[in-house]
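Protein chains: 4
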Amino acid sequence: MVVVEKDLVTLNQDIAGQEIGIPVYRIFDKSIVNKTKAAGSGNKPVPKVYIQSAVHAAEMQGSAVIFRLIEQLKKLTLFAEFTLVPNCNPFGRTQRAGEYLQGRYDATTGNNWNRFYHYDETDVVSFVESLEQAEIDLIKSGSETKLVRSFKSFLKHKLGSKLDKDWGVNTAQFLNTTLQEIAVDADIVLDLHTGPSSTRHIYSPEFLAGQATAFNIENIISIPPKFAGALDEASFTPWVHLTELFADRGIELKYKVSAFTIELGSQENICLTQALSDSAGILNYLQQHHLVEGFVGVEPVDITTTLLKNYKTLFSKHAGMVEYLVKAGDKVAKGQVIARVLNSLEFDTKHAIVDVKAPDTGTVILHYPSAAVQVGTQLFKIAVHG
Amino acid sequence: MVVVEKDLVTLNQDIAGQEIGIPVYRIFDKSIVNKTKAAGSGNKPVPKVYIQSAVHAAEMQGSAVIFRLIEQLKKLTLFAEFTLVPNCNPFGRTQRAGEYLQGRYDATTGNNWNRFYHYDETDVVSFVESLEQAEIDLIKSGSETKLVRSFKSFLKHKLGSKLDKDWGVNTAQFLNTTLQEIAVDADIVLDLHTGPSSTRHIYSPEFLAGQATAFNIENIISIPPKFAGALDEASFTPWVHLTELFADRGIELKYKVSAFTIELGSQENICLTQALSDSAGILNYLQQHHLVEGFVGVEPVDITTTLLKNYKTLFSKHAGMVEYLVKAGDKVAKGQVIARVLNSLEFDTKHAIVDVKAPDTGTVILHYPSAAVQVGTQLFKIAVHG
Amino acid sequence: MVVVEKDLVTLNQDIAGQEIGIPVYRIFDKSIVNKTKAAGSGNKPVPKVYIQSAVHAAEMQGSAVIFRLIEQLKKLTLFAEFTLVPNCNPFGRTQRAGEYLQGRYDATTGNNWNRFYHYDETDVVSFVESLEQAEIDLIKSGSETKLVRSFKSFLKHKLGSKLDKDWGVNTAQFLNTTLQEIAVDADIVLDLHTGPSSTRHIYSPEFLAGQATAFNIENIISIPPKFAGALDEASFTPWVHLTELFADRGIELKYKVSAFTIELGSQENICLTQALSDSAGILNYLQQHHLVEGFVGVEPVDITTTLLKNYKTLFSKHAGMVEYLVKAGDKVAKGQVIARVLNSLEFDTKHAIVDVKAPDTGTVILHYPSAAVQVGTQLFKIAVHG
Amino acid sequence: MVVVEKDLVTLNQDIAGQEIGIPVYRIFDKSIVNKTKAAGSGNKPVPKVYIQSAVHAAEMQGSAVIFRLIEQLKKLTLFAEFTLVPNCNPFGRTQRAGEYLQGRYDATTGNNWNRFYHYDETDVVSFVESLEQAEIDLIKSGSETKLVRSFKSFLKHKLGSKLDKDWGVNTAQFLNTTLQEIAVDADIVLDLHTGPSSTRHIYSPEFLAGQATAFNIENIISIPPKFAGALDEASFTPWVHLTELFADRGIELKYKVSAFTIELGSQENICLTQALSDSAGILNYLQQHHLVEGFVGVEPVDITTTLLKNYKTLFSKHAGMVEYLVKAGDKVAKGQVIARVLNSLEFDTKHAIVDVKAPDTGTVILHYPSAAVQVGTQLFKIAVHG
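These protein sequence lines map, in sequence, to chains A, B, C and D. Taking our numbering, the leading residue of the first sequence gets 4, the next gets one more, and so forth. Taking our numbering, the leading residue of the second sequence gets 4, the next gets one more, and so forth. Taking our numbering, the leading residue of the third sequence gets 4, the next gets one more, and so forth. Taking our numbering, the leading residue of the fourth sequence gets 4, the next gets one more, and so forth.
Fair warning: there could be bad hints in the mix.
[As the list claims (entries may be wrong)] Cβ pair distances, simulated, as ranges: (1) F157/D <-> K33/B: 54 to 62 Å; (2) K149/A <-> E74/C: 55 to 63 Å; (3) V128/C <-> E247/B: 31 to 39 Å; (4) T316/A <-> T13/C: 42 to 50 Å; (5) T125/B <-> R118/C: 48 to 56 Å; (6) F157/D <-> T148/A: 54 to 62 Å.
[To be verified] Calculated lysine-lysine pairs in the DSBU-like style (CA-CA distance at most 30 Å, straight line): (7) K229/B <-> K168/B; (8) K165/D <-> K155/D; (9) K353/A <-> K77/B; (10) K229/B <-> K353/A; (11) K312/C <-> K320/B; (12) K165/D <-> K320/A; (13) K47/D <-> K33/D; (14) K320/D <-> K161/A; (15) K77/A <-> K47/A; (16) K165/B <-> K161/C; (17) K38/B <-> K155/B; (18) K40/D <-> K312/A.
[As the list claims (entries may be wrong)] To spell it out: a stretch of chain B is covered by chain A in this simulated footprint if at least three of its residues, at any positions, have a beta carbon under 8 Å from a beta carbon of chain A; those stretches are: (19) 57-64; (20) 273-282.
In short, the hints are calculated from the structure, not lab data. Backbone N, C-alpha and C fix where the C-beta goes; we use that ideal spot for every residue, glycine too.
Using the sequences and the hints given, assemble the complete structure.
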């Protein structure tokens, strides 16, 4: 029997003192969870999947996708416990800037809400050093269940300690660390975002780029397994490092947390019809990993994988009003005029229009959402296949 | 010989003291202007056309249209002097809000940049009272040229006095009054705007609604000739009032300034191809009034005129994430579901989605540009034909 | 027995759907309220006092004052029911702009949160026209109790209808009208604000300027009893108009709602010590009107009353960095240098510093809170006694 | 003969295309510069001092200080060339946020304007590797003049290459790199900032903490010579690294660029009187280094130096309205109540006020400039002397 539970986790207060929290949905099949519990702590636990959306508050499509996932998970056979957190940023989602939502960074500090998750390399080292020989022997013998459980518990404890510090943490750290405390138990972590004016794409760590195709999204950006502050990185990096430390001791670990950042089109927008097809990709991935059963599957699309180093940003060299001549998803050739900048001080000269050319051949993944640009504005991001 | 002159009018300084101004283009046929001047001051002067854009700085399409107008006016026969002011708001156009431009109001005060033009009813009264009998007799005899010239000069003087006040004026008044000083000479005034996510439409005073069809824009909003702060109103209202005061004395004036606010689609966007077709409507209007010659004309569209009292705003009664189910330009029927609001705290109940229904039958002129709304957000503006 | 009741009135939701409301405190003496109720509906009801703060969210000192009032009212004898609403603007109080709070206007529309209260002159006319002769005779005989009750009930009904409109109302109207529904029952309405960098002052309608001295605030701005959108005006204007309509019929009404806007120093700041002295002025006023008993009173200050037409704003004629040479509360003489503007493009010339002189003699009530100004920035507000 | 030259360096355009630049002042004694030039390129060049202010645009006091420095340098004997850049951020200084200036970060991206200066460790390595033996022998012999000149030229070239990249750089990189191109020639670099509500303090690299006392500022924060994105670090770090690489080869370099970030009180404020005393500290430093002569000197203050690791931020654990009970510059004891947070939902309970205690003994260097805080707001920065 599939159960949907809802919790409101307080995360913020406004200056009047009123609490503003996040809804956290948990979906699972009671009978399967009970059976696993009955089997005892030595057994492989029920897998856990964590999905959040809108940590950048204007990137709302992921919340529509979570709505669709809840609808559908109720009808499938579930072999995992799901934790779903739509609109996970109660700070950003009240922050208006004109007619839009400024939810990308803390309006006080400029801190990007997706760059303050926690990872400390030295923690992993100290964890490994604290392991007793018996535990290491168990792992050597091929049994990782206990290791996984105790490392997760260790990481969770570290996150709690961070939040408890006398001097406190900044707002972005507070938000990110609190979310991470919920996510740290999960075996699969999906962070749902959007771009500005963007086609769908997915960030996958290199070691999962093969599996990432199951999401059925046309563009995969393959990133090295390093930490740069985001949730996907914060989720898999400790396990990558743990694996390396064991490899140094000649032990090959099989378990790793899988984590992806999925970019579901453009910000400031939701579409429930499109959300159904977005959720299909996620369910397809889950079914391939035997976490759900009964999903009808997807019509596969052609997928291109681009290394992060070839995923390039074209910054504007001119201020002015820009007309974008290509749209997200379009292929462009090196030298092709992809935008033109209008300069109203030169309407009577031949300098009125400046052409912007693609510096290389590739696929336009996203462009800036406004015609008004300054020098250094991120005009385009292009997956280069030059 | 058509001449294009360019001037940079200083309007603003930043806090370092650097001047930030507006480019003002003047286009005219030298031979015609000279001929008229030679004819002496009693003669009908060369008509003047004033066109500005982007007083709401993010409403940029009008600047692209002015670029197209300059291109084309150079090739036509001109019977008028044109003053063209793209990007006329140097305060708004530097004001960023996240990835968009906050150019609708003064970020310090909330003052709408299009609500502080000058009009003082008592000025008109005192002007009429100051007229000598000889002047009135001249008007009675059908000759308005001198009256028009002296009233324009009177209005210009009032604007100058306002800017010179000891105690000063606020920033929006400063911007608006300075622009109005340039526009006050003109016989035709066009203020180019856009809506948020919007179809093209035009605000015309009732007494010009017939002529407004020449712009070839599908939707006309016909407004009463009252002053509510905008440039079009500030341009025609003094003349409407002057006409009324003369009518009270049994004299019928023929001259009035014609002024329109033209809404050229959606904000944060320019398209030079569309700008060509937008400029065609304006040239068509100008040609019908014998101000240009040689323009090939337009393919007429079906035009609907709606009284301002039937141009209604639907404000949201719910906060949440909105999917717009109709787009600008669509016809809707009373009771039709035109949007739905997603509430992420109710994803597990039947209250997850709230339908928004059209309160009446009509044409959607514009909708809000973001999915993120609060109670009272302007969701739609609808021209009601119920 | 003095009772403090607390209610959370929902006013806003964020885009996730979470409700954000306002705490409403009610303080009264149960025995007095009961006694009055027992006396029946013909009797004079217990007077009602409504006090709100921080409708401009960054103007927080009033909330500290309400905290102090609750502390003290509990210890006094109360002859009135008090409704106290600190932080009454749940929209503004989450809206950050850098390190400050942008709570003066709706960040989407620029609508000032204190300009959308409801008043419709025609309502008052239709109310008077609907009165039956028997009611009018009762009033003529000197008994206004029933009239007051029915007019309040009429006004409340109008506010409710406004909120119920099919097409809805904008966010500021929604906030203001909802607050007004709570305030409309009150006989005394106090709206607690602050200025930018400001000395304490109070806006009083002319007909109450004598009574306003009881608040013991050094500067009174005496305003004509007209409606310009604020709560104080929305509270007393209907009663002023009602009185006028009765006067036209030869009947003199005695009852009017008393309403004031009190400016408690500077924004972005609270001080609980100062709040104690601020609350003393309010309690002094209440005690003079026999609404509380047992308050020890205040040490009277010298008070200057200035007509609104003499309360003038000095707008900057220069952009640059400003040093304010006088502070709020200072007296200035006509021609005195009260600020100087530094222009960094002229550091090598004698134009580096521009002096700003007082255009008239008076008291500086407030100045702009930042050194960074543009043309038209409101530099000073001065109560002119020239 | 002291000469003041002024240049306007274009850095930005607004969307109309208008250029917005920075005034750059150069002050030097012509006779000394000429004499040095005459002596030939082998000779020690005239030292160069670079001073900029307001890269965080609301931190304006430094611009007033530069005004005062220009006044005074003209009267002194100069043994150095001075480059002075007030209001060096044309992007930030037009960016308003309510009544304040949002000049700390790029409003589009959240990028801090003081974190994108350039430093690439591998550049230094490649420079050293490119040196020929003859050059190294020259350095060994004690002559560093040529090395200094060629390393500066190398660094300048790298900055130019960065700005020339096909794909461009972001706006903060563009601003910072362009400023750094001007500063890279200097031997002494001063970056003038302010805090929020702050006492004067100075960031000095550890190796200069002794010299930093000459600025006569009460609090010195001594930082390790590492690069974290700011101008002071970008200025001295390459030289620190160069010294280390030479030390590895057994050669001791004597020359290093000296660079400091000076925090001149509070933002949103200028005071020309205080600017005179601020400039005195800088002139005192310059005179101690024989770069000026004729300055009368300062009255020394007591100076405390704190290591960066003991300079701690206290983040708020509560949202609400805060009263700061200590001010910048105050000493506080561990456990002392230094602020209290008012919660308007608890005005009727004992939780209305939450005390904030100092976690350690020290000096309050700054506090947040507003009473309105959220969880994670930077309440205080304290130099801990516990």
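Check your understanding: Okay, which hints does this one fail, numbers in order?
Key -> Violated hints: 3, 5, 10, 11, 16, 18; rest satisfied.
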